[in-house]
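Please construct the entire structure, taking both the sequences and the accompanying hints into account.
Here are the chains, one letter per residue:
There are 2 protein chains.
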Amino acid sequence: MKITEQIKQPIAQEMELFEKKFRDSMSSKVALLNRITYYIVNRKGKQMRPMFVFLTAKMISGGTVNERTYRGASVIELIHTATLVHDDVVDDSNRRRGFFSINALWKNKIAVLVGDFLLSKGLLLSIDNGDFDLLRIISVAVREMSEGELLQIEKARRLDITEDIYYEIIRQKTATLIAACCSLGACSVEPNGVHTEKMRKFGELIGMAFQIKDDLFDYTDDAIGKPTGIDIKEQKMTLPLIYALNNCARDEKKWLINSVKNHNKDKKRVKEVIAFVKQKGGLAYAEQRMAQFREEALLILADYPSSVYKDALVLMVNYVIERKI
Amino acid sequence: MKITEQIKQPIAQEMELFEKKFRDSMSSKVALLNRITYYIVNRKGKQMRPMFVFLTAKMISGGTVNERTYRGASVIELIHTATLVHDDVVDDSNRRRGFFSINALWKNKIAVLVGDFLLSKGLLLSIDNGDFDLLRIISVAVREMSEGELLQIEKARRLDITEDIYYEIIRQKTATLIAACCSLGACSVEPNGVHTEKMRKFGELIGMAFQIKDDLFDYTDDAIGKPTGIDIKEQKMTLPLIYALNNCARDEKKWLINSVKNHNKDKKRVKEVIAFVKQKGGLAYAEQRMAQFREEALLILADYPSSVYKDALVLMVNYVIERKI
Chain A
1 MKITEQIKQP
11 IAQEMELFEK
21 KFRDSMSSKV
31 ALLNRITYYI
41 VNRKGKQMRP
51 MFVFLTAKMI
61 SGGTVNERTY
71 RGASVIELIH
81 TATLVHDDVV
91 DDSNRRRGFF
101 SINALWKNKI
111 AVLVGDFLLS
121 KGLLLSIDNG
131 DFDLLRIISV
141 AVREMSEGEL
151 LQIEKARRLD
161 ITEDIYYEII
171 RQKTATLIAA
181 CCSLGACSVE
191 PNGVHTEKMR
201 KFGELIGMAF
211 QIKDDLFDYT
221 DDAIGKPTGI
231 DIKEQKMTLP
241 LIYALNNCAR
251 DEKKWLINSV
261 KNHNKDKKRV
271 KEVIAFVKQK
281 GGLAYAEQRM
291 AQFREEALLI
301 LADYPSSVYK
311 DALVLMVNYV
321 IERKI
Chain B
1 MKITEQIKQP
11 IAQEMELFEK
21 KFRDSMSSKV
31 ALLNRITYYI
41 VNRKGKQMRP
51 MFVFLTAKMI
61 SGGTVNERTY
71 RGASVIELIH
81 TATLVHDDVV
91 DDSNRRRGFF
101 SINALWKNKI
111 AVLVGDFLLS
121 KGLLLSIDNG
131 DFDLLRIISV
141 AVREMSEGEL
151 LQIEKARRLD
161 ITEDIYYEII
171 RQKTATLIAA
181 CCSLGACSVE
191 PNGVHTEKMR
201 KFGELIGMAF
211 QIKDDLFDYT
221 DDAIGKPTGI
231 DIKEQKMTLP
241 LIYALNNCAR
251 DEKKWLINSV
261 KNHNKDKKRV
271 KEVIAFVKQK
281 GGLAYAEQRM
291 AQFREEALLI
301 LADYPSSVYK
311 DALVLMVNYV
321 IERKI
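If you read the sequences in order, they're chains A and B. Under UniProt numbering, the residues of the first sequence are numbered 1 to 325, in order. Under UniProt numbering, the residues of the second sequence are numbered 1 to 325, in order.
Keep in mind the hints are simulated off the structure, nothing from the lab. Some hints here could point you the wrong way.
Chain copies aren't distinguished; within one or between two, either way the pair holds.
Cut-off 30 Å, straight-line C-alpha distance, at most; resulting in silico cross-link-like pairs (DSSO-like, lysine-lysine) [said to hold, decoys possible]: (1) K44 - K213; (2) K271 - K20; (3) K271 - K236; (4) K254 - K233; (5) K233 - K109; (6) K236 - K310; (7) K278 - K44; (8) K29 - K201; (9) K254 - K46; (10) K261 - K21; (11) K310 - K261; (12) K20 - K265; (13) K29 - K233; (14) K233 - K107; (15) K109 - K261; (16) K109 - K236; (17) K109 - K44; (18) K278 - K268.
In this text, all values refer to a predicted model and were calculated from it rather than measured experimentally.
In structure tokens form, the structure reads like this:
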């Protein structure tokens with residue numbers, strides 16, 4: 001059995017019902033919108049976010065979820081989908097999960113509006129049902145994600161970026177939404193418990209590991225066996241490169257900065273940069289930091305009694321680190 | 001004294017304090033964001049929306065507003081600003097209020113993210129203060145606005161568009177936000193009264209008149225003395241044209257449809273269409289419908305005792321109809 005199927009097993013029923021509810025949550029009076037959202041739900045991703053919601057909820061409650069859990073998962077997925085639709089507009093991407101993106105099929109104007117529509121539908125689902133505690137978790141995530149993306153634009157191309165700023169960027173732009181999933185799952189079943197904050201921290205740590213893994217793909221062999229080097233080409237400073245910059249001789253540093261700044265369109269030079277970062281231990285360091293975030297996350301889980309849900313969360317943590325795509 | 005200054009007089013103090021609070025509501029840890037929002041607040045528009053909030057609140061309460069009124073006005077203005085920033089991206093506009101637009105100065109990617117940030121800041125301002133009744137009013141408006149824009153994209157270029165669909169489009173895309181301003185103003189001072197719904201209806205009627213006026217500008221002389229005809233060039237069907245289409249002979253209709261469909265880039269033909277719509281009474285009809293919406297709005301105000309705030313709202317209604325830009 002594939003690891004993702006193994007993870008889904010203890011929440012199989014919930015995930016099935018969730019899909020129906022998620023589909024319903026996007027309905028509109030406007031026919032064009034229904035055509036577009038139909039296209040979206042039929043090209044769904046791995047659904048990692050609702051999985052985190054249901055697994056944490058069931059681990060905390062001992063196996064039961066409620067309507068708040070379903071609504072929370074729907075809101076998160078609506079907002080995540082809205083973000084992806086907007087991302088494709090801003091990055092001018094024509095593809096998403098192997099299919100055409102919304103902006104490619106229906107143009108930018110419609111894509112921006114569809115994103116806004118999905119966002120407001122998500123918020124209304126919480127408001128109409130009085131899920132104000134869940135709504136707060138979600139709105140903080142929305143603000144942090146947009147701030148994180150903007151922080152990245154402001155800082156990530158600066159050659160003097162520090163490791164701390166790198167962590168702040170990935171915490172805001174990626175970890176905050178996974179943190180929201182886990183704390184929302186907990187909050188949906190135990191509104192006033194200590195678990196909401198503990199699970200937020202757990203999700204944040206996983207999210208940090210997840211993004212470091214993502215950034216490592218740029219330097220490691222991809223599915224067809226070659227590192228992509230896209231981040232280097234875009235002068236995006238991620239952990240392996242930041243480490244190498246801070247841990248090399250003066251003349252090497254000069255060469256590295258010059259390579260990233262002035263020769264990042266030169267394929268051969270990009271390859272050399274990748275090799276240099278590897279040789280300086282940038283990849284090993286990033287992997288070590290990723291493993292530390294994983295350990296901290298598992299330490300939080302250790303406080304909870306054994307259950308199939310906890311086991312699945314451990315699998316999920318390992319999947320984040322070991323995934324190939 | 002200019003009419004807008006006359007309208008602002010009874011809420012001068014509130015508008016001054018509002019500006020400060022609105023400015024504060026946009027603050028962020030990200031320096032780039034603060035630079036952009038500083039640019040935005042220094043190029044403010046007519047501030048019609050907060051004016052509606054404060055005038056309705058003071059008319060209902062007899063002259064006092066509270067912190068909820070200020071927060072509500074800020075949220076509305078944050079969301080309105082977010083919408084404008086996104087609009088300029090989708091319409092690829094370089095200009096806004098005579099200055100460069102955000103996308104022109106900082107590119108599309110940043111503009112979409114700034115819009116998302118402003119939206120989430122608005123929502124958090126309501127959530128953090130427990131203004132859930134106000135939040136509901138606002139979220140419905142956000143959903144209706146995006147649906148209205150999408151409905152317009154779907155239907156407004158169809159040559160068989162009905163008058164009813166036209167009203168539905170302008171109700172959703174324009175009237176709904178002015179309706180939200182007025183009902184929010186009322187709700188901020190009298191949470192459980194009948195005024196919230198009455199003021200929502202009042203705002204909706206004004207919003208309808210406002211958009212018909214906007215659509216009329218395409219056919220009437222603008223500031224430099226010429227009708228723009230932009231809607232015709234974009235094959236956007238608005239009330240004057242819809243009326244003319246439904247009230248002319250068969251061969252005339254054929255000519256009109258052919259003109260809009262196949263010759264809408266031909267300046268001479270566009271001029272002929274404008275003249276034809278005028279001659280068929282399309283403008284007179286649209287003005288008459290606009291006047292009816294105005295009358296209905298004033299009828300709602302008639303239920304309230306005289307006050308300087310009510311007088312200012314009447315001036316506002318007239319300004320909507322009589323404005324030159």
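(message) To test your reading of the hints: which numbers does this structure violate?
(response) 2, 6, 7, 9, 10, 11, 12
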